[in-house]
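Protein chains in written order, with the numbering used here: chain E, 1 to 408; chain S, 1 to 442.
Where hints are given, some of them may not hold.
[Said to hold, decoys possible] Calculated pairs, SDA-like style, for lysine to any residue (alpha carbon to alpha carbon, straight line, at most 20 Å):
{"id": "1", "chain 1": "S", "residue 1": "LYS238", "chain 2": "E", "residue 2": "ILE210"}
{"id": "2", "chain 1": "S", "residue 1": "LYS238", "chain 2": "E", "residue 2": "LEU131"}
{"id": "3", "chain 1": "S", "residue 1": "LYS238", "chain 2": "E", "residue 2": "GLY106"}
{"id": "4", "chain 1": "S", "residue 1": "LYS238", "chain 2": "E", "residue 2": "SER219"}
{"id": "5", "chain 1": "S", "residue 1": "LYS197", "chain 2": "S", "residue 2": "VAL245"}
I should point out that these hints are in silico values taken from the structure, not numbers from a laboratory.
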Amino acid sequence: MRTFVTEYDLSRSPATIWGLSGYTHVNILVRNHGRPLDILRVAKNAASPALTELDLEREIDSRLGMSLPLRFGYDRLLPPITMEWPAISVIVCTRDRPYALRRCLGALSRLDYDSYEVVVIDNASRTAETLEVVRGTTFRYVCEERQGLDWARNRGVREARYDIVAFVDDDAKVDAGWLRGMARGFADPDAMAVTGLVLPAELMTRAQHIIEGYGNGMSKGFKPKRFAASDMSETDRIEVHRIGVGTNMAYRRIIFDKIGVFDTALDVGTPSGGAGDLDMFHRVLLAGGVIRYEPEALVWHQHRRNMEGLRRQLYLNGCGFGVFLIKRWSEADGRRGTIVRYAIGRWGRWLVGRLVLKRYRHGHNLPWRLMWAELRGALHAPWAYLATYRHDRRTREKFGIDGTGNDR
Amino acid sequence: MRPKISIVIPTHNRSGILVQTLNSLAVQTVPADIYDVTVVADGCRDDTVARVRSLALPYTVRLIEQSPRGAAAARNRGAAEVSSPLILFLDDDMEAMPRLIAAHLEAHAQVRRGVVMGYFAAPRASQPDDIFVKSIDLWWNDHFSELSSPIHRYTFLDVCTGNLSLPKELFQAAGCFDEAFLGKSGEDYELGLRLLKLGAPFRFAPQAASVHHYLPTIARARQRAFAEGRGHVLIARKHPETFPVLPLIQGMEDGPYIQIVRWMRLRPWMMAALPPLLALPERVTRSLRFRRRWQRLFGFILTCAYWRGVLSELGSHAEMTRFMNDMPLPPSNHVELELDLSRDLKRMDAILEDGRADAVAIRYGARPIGWMEPVPGSERLRPAHVRHAMANWWGYDYLSALLRQPLEQPRDPSEESLRGQIEGLALPGGSTGVSEKGTETL
C-alpha cells in the first residue's frame, strides 16, 4: 500500500494530479487560502496515472461538502490578516543526518515570511557532512558539543536574535506559511508558546501507515485551540501530549527567563529518550502561560520508514512519557496521588488493556511487537529516569557547568 | 597520421587472455593505422609486460605500468595518455570480432558526441550444461536484446565498460571514472549517470561485437554481489536521486532483505556459516538441474552477499537504518510537459523533440490518457518512447476518450458543485496569490 501525499487549495483553480501510477491512495490536504481545512483520503485504482479535476471536486463535495460552509464561516472569526508580523528565529537541531537536513533547510529557505533567521545547531555530529550542508545555504551554523536534543535547543535559545524562537526537527519539512501560522498564534498577547499541525510528508511504507493510523500520528486536528492551566483539570495538565509535538513548536523568549530553559536531562540523545517538549509545555502551563495550537503552522514530518525505526520510536515514546511522569511526581507540582492514579489507572491500563483487547477481541490494529515495545519502554522508565539524571550530572561535570539546571 | 580511435585495455595478471585479445585486434576490417592500443598493466606480477613486448602486431601498442590501483584508475590513466579523439574501453578478456572497430566508428559518425555500447557474448563451447552459466548468459542476452530495441529508454544501469566507446573530450567533461570505487563495483554506472546528466546520447551498436572469455563461478558471483552492494551505497551517496532505482530501495521497507540484515546482526555466526552450508545443496540442485530450487538458493546466496556489502560500506546497523530513513525519494508527480491530444496530436513529435522532458502527461481534453513517469538517472524522453507507449498501452484510453467526447454534455449550472455555491461565503482577504497549479510537489 502506497499513499501519495499532496495538497489542494480551494482558492486556486484545480489541476489534474499526475504521477499516481502505483499508488493505491491519495492523501489530499484541502486548504483554503493556505489554511488547512482537512485531510481527504481518496482510494484509487493503482493502475490509473492521474486524479482529474472532476474526481477531485466530486470527492471534496461529497466528503467535505456539508462541513465546508461551517469552516468558511469559522474562518471569519480569526484575527484579521493585516497584522504585524514579528521577527522569528528558527532553530533546527540536527545530528548526523545530512540528507534529511538538506531537505529541511531547502523548505526553510522557501518560507513565505519577511523577517526570520535560521540557526542550525549541530549536536555533536561525528562527520563534517552537516557543516557541508549548511555551508550551501545562507543559514547560521552553530556546533553544540554536549550531546542531547535539549542541550541543542538551549543553545538555540541562546543564539537566537529575535523574541520568538521556533523549533523544527531535521526530519521535517515546513510549509511555506508555517511562520505566518506561528505569528497568528502569538497575536494573542497571553500566548507564551504555539504549537502547530504535523502531517506525514510521505506514506510509502507499512511503518509509516501504522504510525499515521496510531492516534492520528502527530496531528492534533484542524481547529485552533487554546490551552491555559486555569481551564484545565489536573489530569489534562499531565496529558500535555495533546497540546503538540516538539517537531513543531515556538516560544516567546521571555518565558525562558521566567521558568528556565529546556531540561537537559530529557529528550533524544540522553537515556530518557524523549519528553523534553512535554516537560516544557507542562512548565509553561504551570507558570500561568497560555499555549495555542495553530493548524496553520503546518509542518510535514517524515515518519520512520521501517518497522525497526518505528519500534524504537515507540519504545522511546513509552520511556520518555514515563520519565516525564516520574519527574512530575518527584517535583510534586501537582497532587502526587493524581499523578500515580493517572500513571497506573489511565496510562498503564491503556498500555496493558490494548494487549488484552488485541488477544481476545482482535480489536487493535497495532502489531504486537509495537505494543510490547511501548510497554517495555514504559516499564523501563524508572531506570531511565535515574540514568538520565546521572548522565546529566556527568555531562555537566565534564563540561564544567554547575548542576543548577540553568546554564544561562 | 594521427589514429582515429584509441583502444584502452586495463589488465591485471591475465597475460594469456590479454594476448588473445591483442591478436584479435590485429585482424580488423579497418586499416591498422587508424587505431592504436594502450594496455595499462595495473600491478601485474606475471609475464604480461614481457609477452606484450614480444608480440609482433600491425598496430601501435603502448604499454603503461602502474602500481595496483584498480580498473577505474587504470582506465583513467590510459585515457589520459591517448591522443586520438575517440576512446574505446575494452576489457582484457574481450576477443574482438573483425568488425568491432569499424562498427564503433560508424556509430560515432551517426551520433555526434555520443556514447556507443558494443555487444558481447560468452563463447558457446564453455559449459553448455551448467544451468548457472546458462542463467548468466541469459541475463546478458536479455540485457542486450533490451538495448537493441529502438524504444529503449537508456538508464545509467545499462552502462558497462567492457566494450564502450566515447569521445575523449566527453569522457573528460564528465569527469572520468571515480577512483573511489576501488574494491567496489559500479564505477561504470556512476560514469554513465554523469554522462546522462550531460545530455550525451547513448547508442547500442550490435555490430561492434566481441567474445567475452569469462567463466562465471559461484564464488565470483558472490564477490561481485558484495562489491555491488558496496558500490551502490557509494552511488546513492554521490547521487541521492538514484536511490529509488537501485536495489537498495528494498531496504527501505521491511521485507526478506531486511530480515537477512537483521539476522546478520542477531546471529552473525549463522550468516558466516551459511554460504559454506549452502554450497552443497547449491551444487546438488545445480547438477540435478532442479531449476526452481537452484534459482531460489542462488538468489538467496547473492542477496546475502549484496546486503553484506551494503552493511560493510555503511559501517553499522544504526547507520543503515538512518540511511534508509533519510535517503530522499524524488517527487514522482513532477510534470514537465503536458500534451493535449485533442490539440497537439499532429505536432506531438515536434513538441516532444523541443521539450525533451523527463516526464510527460498525455490527456485528451479533460481525460487523462497516459503518463510517462520520470525515471531517475535515465535519458530524457524521445518521441519514439511516447509513440510506443501510445501505440501499445494507451490506445484503448485514447479511443474511448475520442468516442465519449461528443456524448459528454457541458455541466448543468444548477448542478454546479457546492464549491461554486459557497465561493461567495469565502473571505476575499487572505489571498495568498493565485497560482496556475493547484497541486504542489511534496
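Enumerated hints in conflict with the structure, sorted upward: The structure conflicts with hints 1 and 4, although it agrees with all the remaining ones.
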